[in-house]
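Protein chains in written order, with numbering that gives the first Met the number 0: chain A, 0 to 325; chain B, 0 to 353.
You may find that some hints are simply not true.
What the hints assert, rightly or not - The calculated DSSO-like cross-link candidates involving lysine-lysine, where the alpha carbons are at most 27 Å apart (straight line), are:
no., chain 1, residue 1, chain 2, residue 2
1, B, Lys-274, B, Lys-49
2, B, Lys-318, B, Lys-49
3, B, Lys-274, B, Lys-199
4, A, Lys-196, A, Lys-32
5, A, Lys-200, B, Lys-274
6, B, Lys-3, B, Lys-199
7, B, Lys-340, A, Lys-196
8, A, Lys-32, B, Lys-148
9, A, Lys-196, A, Lys-265
No lab work stands behind these hints, which were simulated from the structure alone.
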Amino acid sequence: MPSMTMIQAINQGLRTAMQQDSCVVMLGEDVGKNGGVFRATDGLQAEFGENRVFDTPLAESGIVGASVGLAVNGMKPVAEIQFLGFIYETMDQIASQAARLRFRSQGRYHVPMVIRAPFGGGVRTPELHADSLEALFLHTPGLKVVMPSTPYDAKGLLLAAIQDPDPVLFLEPMNLYRAWREEVPEAYYEVPIGQAKIVHKGDDITLVAWGPTVPMALEAAQQMQEHHKVSCEVIDLRTIAPMDTETVLTSVQRTGRAVIIHEAVKHGGAGAEVISQIQEHAFLSMQAPVLRVTGYDTPYPAPSIEDFWLPSVARIMDAVHKTVSY
Amino acid sequence: MLTKTIADHYPLVSVLDEHGAICGTLPDLSSEQWIGLYAWMVKARAFDQKMINLQRQGRVGTYAPFSGQEAAQIGSFAALDQRDWITTSYRELAGLMYHGLPIEQAMLVSMGHPDAGNMPGHLNIFPIQIIIAAQLLHAVGTAWASKLKGEGSISVTYFGDGATSEGDFHEALNLASVQQIPVIFFCQNNQWAISLPASKQMATPTIAQKATAYGIEGVRVDGNDVLAVYQVMKTAVQRARRGEGPTLIEAVTYRLGSHSTADDPTRYRDHAEWKEWKENRDPLNRYRTFLQHQGLWHEEMERDIQDQAKQEIEAAVVKAESLPKAVPTTVFDHVFETMPKRFVQQKEEMQRYM
Numbered sequence: 000m001p002s003m004t005m006i007q008a009i010n011q012g013l014r015t016a017m018q019q020d021s022c023v024v025m026l027g028e029d030v031g032k033n034g035g036v037f038r039a040t041d042g043l044q045a046e047f048g049e050n051r052v053f054d055t056p057l058a059e060s061g062i063v064g065a066s067v068g069l070a071v072n073g074m075k076p077v078a079e080i081q082f083l084g085f086i087y088e089t090m091d092q093i094a095s096q097a098a099r100l101r102f103r104s105q106g107r108y109h110v111p112m113v114i115r116a117p118f119g120g121g122v123r124t125p126e127l128h129a130d131s132l133e134a135l136f137l138h139t140p141g142l143k144v145v146m147p148s149t150p151y152d153a154k155g156l157l158l159a160a161i162q163d164p165d166p167v168l169f170l171e172p173m174n175l176y177r178a179w180r181e182e183v184p185e186a187y188y189e190v191p192i193g194q195a196k197i198v199h200k201g202d203d204i205t206l207v208a209w210g211p212t213v214p215m216a217l218e219a220a221q222q223m224q225e226h227h228k229v230s231c232e233v234i235d236l237r238t239i240a241p242m243d244t245e246t247v248l249t250s251v252q253r254t255g256r257a258v259i260i261h262e263a264v265k266h267g268g269a270g271a272e273v274i275s276q277i278q279e280h281a282f283l284s285m286q287a288p289v290l291r292v293t294g295y296d297t298p299y300p301a302p303s304i305e306d307f308w309l310p311s312v313a314r315i316m317d318a319v320h321k322t323v324s325y
Numbered sequence: 000m001l002t003k004t005i006a007d008h009y010p011l012v013s014v015l016d017e018h019g020a021i022c023g024t025l026p027d028l029s030s031e032q033w034i035g036l037y038a039w040m041v042k043a044r045a046f047d048q049k050m051i052n053l054q055r056q057g058r059v060g061t062y063a064p065f066s067g068q069e070a071a072q073i074g075s076f077a078a079l080d081q082r083d084w085i086t087t088s089y090r091e092l093a094g095l096m097y098h099g100l101p102i103e104q105a106m107l108v109s110m111g112h113p114d115a116g117n118m119p120g121h122l123n124i125f126p127i128q129i130i131i132a133a134q135l136l137h138a139v140g141t142a143w144a145s146k147l148k149g150e151g152s153i154s155v156t157y158f159g160d161g162a163t164s165e166g167d168f169h170e171a172l173n174l175a176s177v178q179q180i181p182v183i184f185f186c187q188n189n190q191w192a193i194s195l196p197a198s199k200q201m202a203t204p205t206i207a208q209k210a211t212a213y214g215i216e217g218v219r220v221d222g223n224d225v226l227a228v229y230q231v232m233k234t235a236v237q238r239a240r241r242g243e244g245p246t247l248i249e250a251v252t253y254r255l256g257s258h259s260t261a262d263d264p265t266r267y268r269d270h271a272e273w274k275e276w277k278e279n280r281d282p283l284n285r286y287r288t289f290l291q292h293q294g295l296w297h298e299e300m301e302r303d304i305q306d307q308a309k310q311e312i313e314a315a316v317v318k319a320e321s322l323p324k325a326v327p328t329t330v331f332d333h334v335f336e337t338m339p340k341r342f343v344q345q346k347e348e349m350q351r352y353m
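Okay, chain A solo, but in the shape it has when bound (with noise of 0.2 Å):
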């Protein structure tokens, strides 16, 4: 089995895609000749030819309602938005349109499309490159939304996202792109839409992260162990919309103590869905109230300020000391 990084496995999920169905076309900035920014597409207009790989003009509103009709009309679009902080541009498209149809016209229509966007800080990008909007989508009717965390998982829940009826908001942590190999099968596979992951196994504690968390949860897990025995659970949310609230359940109901992470920011995060949904369903199990360990209520902030503003292992430590002991 081929040893990948998560964007190797990400151009392999769309080539195998589009190579099972004739249907599956990508669209977008700079994916076509170029490959994409960070090569999510390389050769995939080599290989299919411009009639299946289009290189858009700059326009993510036209990109994604040029979609919505393809996708009507039969074919399967997989559209990239260069980084998630252009998605402002689009959020008619997607909100109201995209997310929609299949309501507005009483399941006359539906909308079979994904768009791709990488997203996460940690990679010193400039002003609106980084930020994560997740919440915005959770808070969309009609929408799905899922952020891998690995190179299996990237190519698995890519391929269940293009498989998906409705659409599919695929949200790639670009500081995980290359951050290590693991293998990943070259046949086609999905893994499903909606399904946590138990990530690491442990009794003390639950951690809920997601996308570019999860690395540094599971850190945090492994020295909160080693150094304090400590045993924390990782749950990989891994699908943001719908939540996989059973998963999560299940793990505090046992643990009775939870800290969220998420790199977007606090107020009104998916942080806050998770907590809602335990303390209306497990508030009897729970031993201690539940944290966040989140970037902070601002702005993205710059480059030389963005290690300050991220969760760290330093912070995620603290949060289950504090939970632990309470």
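Here the structure of chain A is known, so what remains is to put chain B in place on it, guided by the hints.
Frame of chain A; chain B shown alone:
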């Protein structure tokens, strides 16, 4: 100055002058088709008036009248095939009904019934669009898919002058142009974006001339001249089907009524302007005069057409009002193909309070 010079390249295409006299080339239509267009314009006008009356009686909600724009809509839809993809705003019910949208379903749009958006299965019509200009991109996409699949269908998108100020207008025309997509952008320039006149929306004398900037075909047509509209639409459709790319059509018309039943145009519109369009440029009067000159119109026929329209509309009102009430819990049924678990619980909760 350059803007004015460019505008000169987009002269107003007419077939009938304001008095219904022939001033251009008549399209190749039979006398039955000529009369058919008239009967539809009459029916559309009657529908519009009925809807306004029903709104005043509290039997329908907010409604966007289209009186004055019948020729632009009926004339252009007459050049389309059933297989073509159509995305419209909320002011194109005349054209949509001509195309096959049942009259009672057209009424549902303003009756607050969710089935309004469930377009008939044999027609490729999108639910009417609320967000200004969003539908232009959808038509670019459906037409793009037709092109990729090698189908002969084209797409048409309808919008008003107000939509030309939106970003999506630019993105749609540019994308369609650069990819040579078989889509027609049909703008009904009714002169007013609610209270904002065209002169305060743009510094260009015409909308058609914006085609120059995109390197696509542009046409300016008298939107109150049903035959001219049909003519230019037919040409644009043929071009699109031949793979010759998109066309921007500006149909110059006038909204005789209010923007919607919720506003009062006397607050912002000059009465003399309205009077001029109402008395001298009504598309129905002009076309009726033409038919009369052709010996194709007489009082008895007018009565028949009016009676027929009235009957159909009254029957549609009965049908629309006797439809079973919308079932509230169906809101959960068409959000995703597979209902998320939390929906099941929320649906049960809603049910308990019904």
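How the hints compare with the structure:
For the hint linking Lys-274/B to Lys-49/B, the alpha-carbon distance of about 22 Å falls within 27 Å, and the restraint holds. Only pairs whose Cα atoms come within 27 Å are accepted, and Lys-318/B paired with Lys-49/B is accepted, the gap being roughly 14 Å. Of the pairs offered as hints, the one joining Lys-274/B and Lys-199/B holds, with about 21 Å between alpha carbons and a cut-off of 27 Å not exceeded. For the proposed pair Lys-196/A and Lys-32/A, the alpha carbon gap of about 36 Å is over 27 Å, so the pair is violated.
A hinted pair counts as satisfied when its Cα atoms are at most 27 Å apart, and Lys-200/A with Lys-274/B does not qualify at roughly 78 Å. Among the hinted pairs, Lys-3/B with Lys-199/B is consistent with the structure: their alpha-carbon atoms are about 16 Å apart, no more than 27 Å. For a cut-off of 27 Å, the pair hint linking Lys-340/B to Lys-196/A stands: about 18 Å separates their Cα positions. The suggested pairing of Lys-32/A with Lys-148/B holds, with an alpha-carbon distance near 23 Å, which does not exceed 27 Å.
For the hint linking Lys-196/A to Lys-265/A, the alpha-carbon distance of about 23 Å falls within 27 Å, and the restraint holds.
Going down the numbered hints, you'll see the structure goes against 4 and 5, while the others check out.
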